[in-house]
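In the order they appear, the protein sequences are chains C and X. Residue numbers for the first sequence follow this note's numbering, beginning at 1 and rising by one. Residue numbers for the second sequence follow this note's numbering, beginning at 1 and rising by one.
Derived by calculation from the structure, the hints in this document are not laboratory data. We treat Cβ as the ideally placed atom computed from N, Cα and C, and that holds for glycine. Mixed in with the good hints, there may be bad ones.
As the list claims (entries may be wrong) - Which residues of chain X face chain C? A partial, calculated answer using Cβ under 10 Å: (1) G32; (2) F34; (3) Y36; (4) Q38; (5) G41; (6) G43; (7) P44; (8) E45; (9) F46; (10) A89; (11) R99; (12) T102; (13) F103; (14) S105; (15) T110.
The residues making up each chain are set out below.
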Amino acid sequence: GAVVSQHPSWVICKSGTSVKIECRSLDFQATTMFWYRQFPKQSLMLMATSNEGSKATYEQGVEKDKFLINHASLTLSTLTVTSAHPEDSSFYICSARRVGYQETQYFGPGTRLLVL
Amino acid sequence: EDQVTQSPEALRLQEGESSSLNCSYTVSGLRGLFWYRQDPGKGPEFLFTLYSAGEEKEKERLKATLTKKESFLHITAPKPEDSATYLCAVQARGSGSARQLTFGSGTQLTVLP
Chain C
1 GAVVSQHPSW
11 VICKSGTSVK
21 IECRSLDFQA
31 TTMFWYRQFP
41 KQSLMLMATS
51 NEGSKATYEQ
61 GVEKDKFLIN
71 HASLTLSTLT
81 VTSAHPEDSS
91 FYICSARRVG
101 YQETQYFGPG
111 TRLLVL
Chain X
1 EDQVTQSPEA
11 LRLQEGESSS
21 LNCSYTVSGL
31 RGLFWYRQDP
41 GKGPEFLFTL
51 YSAGEEKEKE
61 RLKATLTKKE
71 SFLHITAPKP
81 EDSATYLCAV
91 QARGSGSARQ
101 LTFGSGTQLT
111 VLP
């Protein structure tokens, strides 16, 4: 149990385009999902916290108009990178908090974004 | 501000050579300490949650322990498939209803055959 999926697993796009990444909890409900960014050989950096049915909370320094987050259901959150630029290239990972199960976050497999 | 420091940054072991990874933390009231394993190009895989000093958890060759200031991940007789980056994270009592995690920078473990 506690499986989280992400789609796509990798994406290449041209500068200026928008990219949407989906995060799904497959076998449990998640009122809270988290979006992280990870640079090579570095740890995870929390970008935002996504709550079902409400606006996301962004960490300091993360542009909310750049990284649009929608948490429309208890099993789905999406991250849209708008007008992507090469500096947005990174590994994006989502996690879902399984309510009532020791507060643990379960992570998706990640999405590799390359902006040309 | 919550802080998590992991050491060493990298560790190379021979197969069968037991060792420990360290996670030191500073947090304003610990709600939980988490250990994850991350393979290259993949998301972190949950290993353990520890809640109070003195608590221990085991899974196969891994054993996690917790004190008031640090946690250890003991690896007994490791195998090459244990090679990965091991991440430690803390959840503070002040993290609100969202329960955010603060991650350490990880220990990259390589087990040589």
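These are the hints, each one checked on the structure:
At its closest, the beta carbon of G32 of chain X sits 6 Å from a beta carbon of chain C; the interface hint therefore holds under the 10 Å criterion. Satisfaction of the interface hint for F34 of chain X is found here, the shortest Cβ-Cβ separation to chain C being roughly 7 Å, below the 10 Å cut-off. At its closest, the beta carbon of Y36 of chain X sits 7 Å from a beta carbon of chain C; the interface hint therefore holds under the 10 Å criterion. For the restraint placing Q38 of chain X at the interface with chain C, the shortest Cβ-Cβ distance is roughly 8 Å, inside the 10 Å limit, so the hint holds.
At a threshold of 10 Å, the smallest CB-CB gap from G41 of chain X to chain C is about 7 Å, leaving the interface hint in force. The beta carbon of G43 of chain X comes within 4 Å of a beta carbon in chain C, closer than 10 Å, and the hint placing it at the interface holds. Here the hint on P44 of chain X is kept, as its CB sits about 5 Å from the closest CB of chain C, short of 10 Å. Hint status for E45 of chain X: holds, given a least beta-carbon distance of 7 Å to chain C, under 10 Å.
Given the 10 Å rule on beta carbons, the hint for F46 of chain X holds: about 6 Å separates it from the nearest Cβ of chain C. With its C-beta approaching chain C no nearer than about 8 Å, A89 of chain X sits inside the 10 Å limit, and its interface hint holds. This hint holds: R99 of chain X has a C-beta 5 Å from the nearest C-beta of chain C, less than the 10 Å allowed. Contact between T102 of chain X and chain C, as hinted, is supported at the beta carbon level, the nearest pair being about 8 Å apart and thus within 10 Å.
Against a cut-off of 10 Å between C-beta atoms, the interface hint on F103 of chain X holds, since the closest Cβ of chain C lies about 5 Å away. Of the supplied interface hints, the one on S105 of chain X holds, with its beta-carbon coming within about 5 Å of a beta-carbon of chain C, less than 10 Å. At its closest, the beta carbon of T110 of chain X sits 14 Å from a beta carbon of chain C; the interface hint therefore is violated under the 10 Å criterion.
Taken one by one, the earlier hints fail for this structure only at number 15.
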